[in-house]
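Please dock the two separately framed chains into a single complex, following the hints provided.
So the protein sequences, as listed, match chains G and R. Positions 141 to 558 (the numbering used here) are the ones given, in order, by the first sequence. Positions 4 to 376 (the numbering used here) are the ones given, in order, by the second sequence.
If you're looking for bench data, these hints aren't it; they were derived computationally from the structure. Mixed in with the good hints there might be a few duds.
Calculated pairs, BS3-like style, for lysine-lysine (alpha carbon to alpha carbon, straight line, at most 27 Å) [said to hold, decoys possible]:
1. R:K322 to G:K434
2. G:K259 to G:K210
3. G:K458 to G:K446
4. G:K196 to G:K173
5. R:K13 to G:K446
6. G:K166 to G:K197
7. R:K13 to G:K458
8. G:K387 to G:K335
9. G:K387 to G:K544
So the chains spell out like this:
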Amino acid sequence: MDFQDTPEEAAFRADVRDWLDANAPKHLEPELKRASFGSSGLTSEDPIEAGKAWQKKKAEAGWACLHWPKEYGGGARSAMERVIWGQEEGPYAVLSGPFTIGHGMCGPTVMAWANEEWKERLLPPLASGEEIWCQLFSEPASGSDLAGLRTRAVKADDGSGDWIINGQKIWTSGAQNSDWGLLITRTDPDVPKHKGLTMFFLRMDSPGVKVVPIKQANGASGFNEVYFTDVRIPDDQRLGAVGEGWKVSLTTLMNERLSIGSGMSTGFPELFRFCMEAEVDDEPAVADSAVRSKLAQFAVKQSGLKYTGMRAISALSKGETPGPENSIGKLVAGATMQELAMFALDLQGESGVLWDEDSPQNGRFQSMLMRSPATRIEGGSDEILRNIIGERVLGLPGDIRVDKDVPFKDIPTSGRKK
Amino acid sequence: MNLDFSDEQKQLRDQVRRFLGENCPPSVVRNILEGEPDHDAGLYRGLAELGVLGAAIPEEYGGVGLGHLELCVVAEELGRVLAPVPVASSIYLTAECLMQAGSEEQKSEWLPRLAAGEAIGCFALNEGRGRMRAEKVSARFENGKLTGVKAPVADGAIADVAIVAAREAEGVTLCLVDLKADGVSREALESIDPTRAQTRLSFDGVPASRIGGAGDGWHIASQVMDRAAILIGFEQLGGADRALEMARDYALERMAFGRQIGSFQAIKHMLADMYVSATLARSNCYYGAWALATSAAELPVAAATARVSATTAFQHCAKNNIQTHGGMGFTWEYDCHLYYRRSNALALALGSLSTWESLLIERMSAGNVDAAA
Numbered sequence: 141m142d143f144q145d146t147p148e149e150a151a152f153r154a155d156v157r158d159w160l161d162a163n164a165p166k167h168l169e170p171e172l173k174r175a176s177f178g179s180s181g182l183t184s185e186d187p188i189e190a191g192k193a194w195q196k197k198k199a200e201a202g203w204a205c206l207h208w209p210k211e212y213g214g215g216a217r218s219a220m221e222r223v224i225w226g227q228e229e230g231p232y233a234v235l236s237g238p239f240t241i242g243h244g245m246c247g248p249t250v251m252a253w254a255n256e257e258w259k260e261r262l263l264p265p266l267a268s269g270e271e272i273w274c275q276l277f278s279e280p281a282s283g284s285d286l287a288g289l290r291t292r293a294v295k296a297d298d299g300s301g302d303w304i305i306n307g308q309k310i311w312t313s314g315a316q317n318s319d320w321g322l323l324i325t326r327t328d329p330d331v332p333k334h335k336g337l338t339m340f341f342l343r344m345d346s347p348g349v350k351v352v353p354i355k356q357a358n359g360a361s362g363f364n365e366v367y368f369t370d371v372r373i374p375d376d377q378r379l380g381a382v383g384e385g386w387k388v389s390l391t392t393l394m395n396e397r398l399s400i401g402s403g404m405s406t407g408f409p410e411l412f413r414f415c416m417e418a419e420v421d422d423e424p425a426v427a428d429s430a431v432r433s434k435l436a437q438f439a440v441k442q443s444g445l446k447y448t449g450m451r452a453i454s455a456l457s458k459g460e461t462p463g464p465e466n467s468i469g470k471l472v473a474g475a476t477m478q479e480l481a482m483f484a485l486d487l488q489g490e491s492g493v494l495w496d497e498d499s500p501q502n503g504r505f506q507s508m509l510m511r512s513p514a515t516r517i518e519g520g521s522d523e524i525l526r527n528i529i530g531e532r533v534l535g536l537p538g539d540i541r542v543d544k545d546v547p548f549k550d551i552p553t554s555g556r557k558k
Numbered sequence: 004m005n006l007d008f009s010d011e012q013k014q015l016r017d018q019v020r021r022f023l024g025e026n027c028p029p030s031v032v033r034n035i036l037e038g039e040p041d042h043d044a045g046l047y048r049g050l051a052e053l054g055v056l057g058a059a060i061p062e063e064y065g066g067v068g069l070g071h072l073e074l075c076v077v078a079e080e081l082g083r084v085l086a087p088v089p090v091a092s093s094i095y096l097t098a099e100c101l102m103q104a105g106s107e108e109q110k111s112e113w114l115p116r117l118a119a120g121e122a123i124g125c126f127a128l129n130e131g132r133g134r135m136r137a138e139k140v141s142a143r144f145e146n147g148k149l150t151g152v153k154a155p156v157a158d159g160a161i162a163d164v165a166i167v168a169a170r171e172a173e174g175v176t177l178c179l180v181d182l183k184a185d186g187v188s189r190e191a192l193e194s195i196d197p198t199r200a201q202t203r204l205s206f207d208g209v210p211a212s213r214i215g216g217a218g219d220g221w222h223i224a225s226q227v228m229d230r231a232a233i234l235i236g237f238e239q240l241g242g243a244d245r246a247l248e249m250a251r252d253y254a255l256e257r258m259a260f261g262r263q264i265g266s267f268q269a270i271k272h273m274l275a276d277m278y279v280s281a282t283l284a285r286s287n288c289y290y291g292a293w294a295l296a297t298s299a300a301e302l303p304v305a306a307a308t309a310r311v312s313a314t315t316a317f318q319h320c321a322k323n324n325i326q327t328h329g330g331m332g333f334t335w336e337y338d339c340h341l342y343y344r345r346s347n348a349l350a351l352a353l354g355s356l357s358t359w360e361s362l363l364i365e366r367m368s369a370g371n372v373d374a375a376a
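Isolated chain R (complex conformation) (with noise of 0.2 Å):
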């Protein structure tokens, strides 16, 4: 048995570590709070120079084909400093799904760009307000043409490429648009995290191609976000770790009746249960990671159980962060707020935590008991 990264995925932790400590400390992430842009485009580009963008990608496609393992273990260290940049968009989603569906002309075009760094994917499911369901797709795909509204569309203001949802007659599915097309206009969106923008894509007869079958499109989606929300969970599960060491840090520091106030124990307690949290969390992404790596028939379940796990982990080491800082936590000043926000914005991307838990019992159950124990 060997729950665990390698020494060489650990190497690779170590060396993206480094890489964002000296180019993505908090002022970054501030930058982007506090400025226009909506990414860090040089933190972006010294990303895919690092090769970790394409870690996933195979080499035929430009990428650099190591696997699933190594982008979760990027992912982890991005969440850790709350990297302003597309990873999700682009590579969780947009790459993955051309790598799970698009045709060869599809991947050839813009799995190498997207490597690279030099063109941004970004995923447009959402249609306004409430859990995201096919019945709800209202977006329209007739005669290689789309027509509708998508929000809110995570990096949709950077991307250079879109995979919508949109409904033609043999169900719901989903399209590759290129964003510099006629017809397409963008609408900037507030936000609890500003550090991961949000944008409302419009699109009226926008010329786009399928990605796999007419109708197939709800189908490959689940498939996608699955693989996706274990590869966001290490994001999670990397804020919640952050999170907790900040909150740690100043339990240490701060005095107060004339102690540490980590002496206490209505402190040391709660830090204690945020280690319990983040401890559940990253052994079921663990789980996560090796379904995701194999491919395995438990990935559906695996996958909701390390998002389930990993969105109360970080909501939870967040919030509690503010709390042992007391006033402090609640200044602009502190950036116990950049883990908050970022925490309960997670905590929606892909879907809701209601909706994962729900998805979680829904394939324990449609699998069988054994898959309780």
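Chain G on its own, in the form it takes in the complex (with noise of 0.2 Å):
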């Protein structure tokens, strides 16, 4: 057992290194570090315009989209390889949140599934940067039920094969910056709902098409509802056959979960400096016992989650696929974020209540506090997680799903009696 690298790892390590000290942008460092939940923490500059330059200086050198083919425009690394970039870009990965959705779950989509031609043209300008993804899946009556979704593409009957697209996506990250949008849609009501769905990519500015964003639970706006009214998709805009959206769709799902739970952080670090500082009864608070006690607790998981990464990063270096043990993160990360936070606030006694410039960490807690619902509700929820890992890794039986095999018009869509 070691923490080294290995010869080759300390090589490419020392080149991403020296690529970043003398390319940064050093000079957002500072503010790039104080990023909060779900914003990028920068206010001096455009966080989309910073985003979109830095890629594309990531792109220029050939580090961008490290685990993409050449030809698409990524740096065609090993895992080990990406996951020793991601280690060494540290706080500026967060310029490049814009392209998370697109780089991470879209961008694999099309690779999977557009023709040669859709994916010459859209993969690099994904990767470098000039155009954003979105990606539009969820509903208002569709979330850990994706597949009961209802945006509906019908042909149109004007005989030029396009489609005619109505409905309403929710939760849509970015959809207001975005160039372009992963669509799943239904395309036929009477079979069972698995069946009946179809998967597209469309322009955002579609004639059609409206993003509206949502004001959220903690006052902030970073997910959009998108509506769309009769807006035409032309048929070579289609991923997968008719019918398959579902197939498709699971290739985007995969690669969400495996994006979304990588190196989250629990906000342990900060809340035990926070407890360095404080004091409880006229001592620091890390002198109370019942404070240590919960620290401990919290420690352990911020440890395990990080020794569980390198648990996974040592089978990539060895060439090995990681275990199933990283399905962990996402659940531990969100749950442990808001019950810290809860604690965070305790200890300021009835001054947690505040959420101002004089609160501890400018309000920090108070922002976990506010945004970790969501955590454990995006990218699949607690419930979700829980099932993964109870059904996939543990070996547990499914669920039994009473709308397995009902044409899709006939499920029930109210709990009430009528």
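Put into structure tokens, the structure is as follows:
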């Protein structure tokens, strides 16, 4: 056991460091290090423009989309090299936030399902940050039960072969900044729900697309609703066969959980720093035994996630596939952050209720408190993640699905008795 | 980076697992639970012959001279089957203490016998209820003679030699005592886990020798307990994994309301949470194993981290294993209670969970804030 790089890894790390040292936007570093939950923390520059500039620079030097093949603008690097890059890029990775969904989910789906012509058109500008993508999956009535979605795609009756889209998506991160969207629709309501879906991609400036920011429970607006009114999509922007949309979406979702779960913060380092400085009954908080017990439980979750990540990296370094243990990442991080934020406020006494510039660490714990409910839901809720661990890791039977063989149009839509 | 055991260490794990599969089925644990003896002497001899007792003891002292990573692998397997043998007392604590601080003579006299399983050691720190602190040590070491009462002492009834914390003018000192000497008396104590027997040891002017310097005892004991905490952490990890497997198997087999109970989310999610805590514990224990094997500066933090995480996981998995089994889990006949007993006994061994939680934060705050990242 050791924490050392192999000689090849060390050489690659040195290259990465040299390049970052010469090229990273160091003047933004202090701001980026304060990055908060659901935002880049950037105020001195426009986050989208700063992100695009950084992504372009990386792309020109071959550091963009390290896991993609070179012909599509990627770096064709190994999984281990990608990990090392991530460790070294550190706070600057926040700048690439607007591309996370495109690079991690939409891009791989396009790569797996689009024809060569489209791949050459779409992927390089996505890799270099010239174009931003969003993922149009969730709907007001279909979250965890994604296959229950209702946005309709109907063949145009003008013989053009085009599709006409009507419906509504929700929880679309970055839709207001996106050039393209990956859209899953229902093309056949007469067959069971998983069988009537079809995947498309479209320009977000297509006529009939309307993006409306959602005012979230924490007052911020990171997500959007997207409305479709008679939006026309050419048939050659379909991914996979008609009715195969569910299969296509699995490519995306597999990538979603991988990218969201890796390296997630629990907020423990901030809490620990706070407890070193704060006082309880005129003593440092860390000297209080009740505080210590709580902190220790948070600490072992933080370190458990850290070393679970290192075990996965160890497997990659040996050329092996990491085991299922990484599936715990988001489940642990989200719940820990929420509990930890409540504890940090508790230690502030009644003043914990205040959320202003005088709050400890600029109100970071209040921000965590108000953002963490979303972490436990987005990209697979805690309950969905527990199902995945139970079924795929422990081998337990799936739930009994009462709507499995029922035509979509006959599935009940309200719990109220008529 | 390689936070994993080597192929050779994994082979050793397989070998020990096979051996214990044949030689330590639950019936062996039950014999100790329900019977007279404090441990399974045949099993202990078998482990000695396999060379695992001496895994981390140098060859010059009769060991196999592998290392502590190998001992971690062994510990996990012993924990999986709740092996009723005094490996923790005799090897993780007694042999470890002698290797850390013993004189040449003490090491030569005892390590070969401990490695061969011919002698059993025990570690006698406690004096009654409450968290153990240096200030509570009232046993006395004067003119080469030990007087005092120690309880509870794990494996005290079967031990040949004890390491005892006693007070002298300079402070707390660790003493090495041959338990065959006159003036030693032993009394068996009832406990929640009879498969790890507890004893009261009384000393009345018994000849003893110092381990390390006068007054260095608490410091040495802390170091030894840090190292042992990681090894016991691996036992807890093995127990947690096994309890989770038992619960999973039962959830697949047991039908209720016309379906396997594992298809109910109430059960499935409980098992997923058990998997989460066992996985966090495994990763933290690997960190501990690395620190133990390399004697890293992070060892005190890593030991407390592994210990807190493994204790939490084993207790969590063992109690929810019973819950998954429902009423059957509360019968004497099912093995669930064996894991429940052991998980709660090990949670107290070497100091309770809250003691280690406190130690972890004390150590992190004594270092620097980076320790938290």
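Hints versus structure:
1. R:K322 to G:K434: Holds - the C-alpha atoms of G:K434 and R:K322 are around 21 Å apart, at most 27 Å.
2. G:K259 to G:K210: holds, 12 Å
3. G:K458 to G:K446: holds, 19 Å
4. G:K196 to G:K173: holds, 21 Å
5. R:K13 to G:K446: holds, 23 Å
6. G:K166 to G:K197: holds, 14 Å
7. R:K13 to G:K458: Distance ~15 Å between R:K13 and G:K458 Cα, so the pair holds.
8. G:K387 to G:K335: holds, 9 Å
9. G:K387 to G:K544: holds, 16 Å
When each numbered hint is compared with the structure, no violation occurs for any of them.
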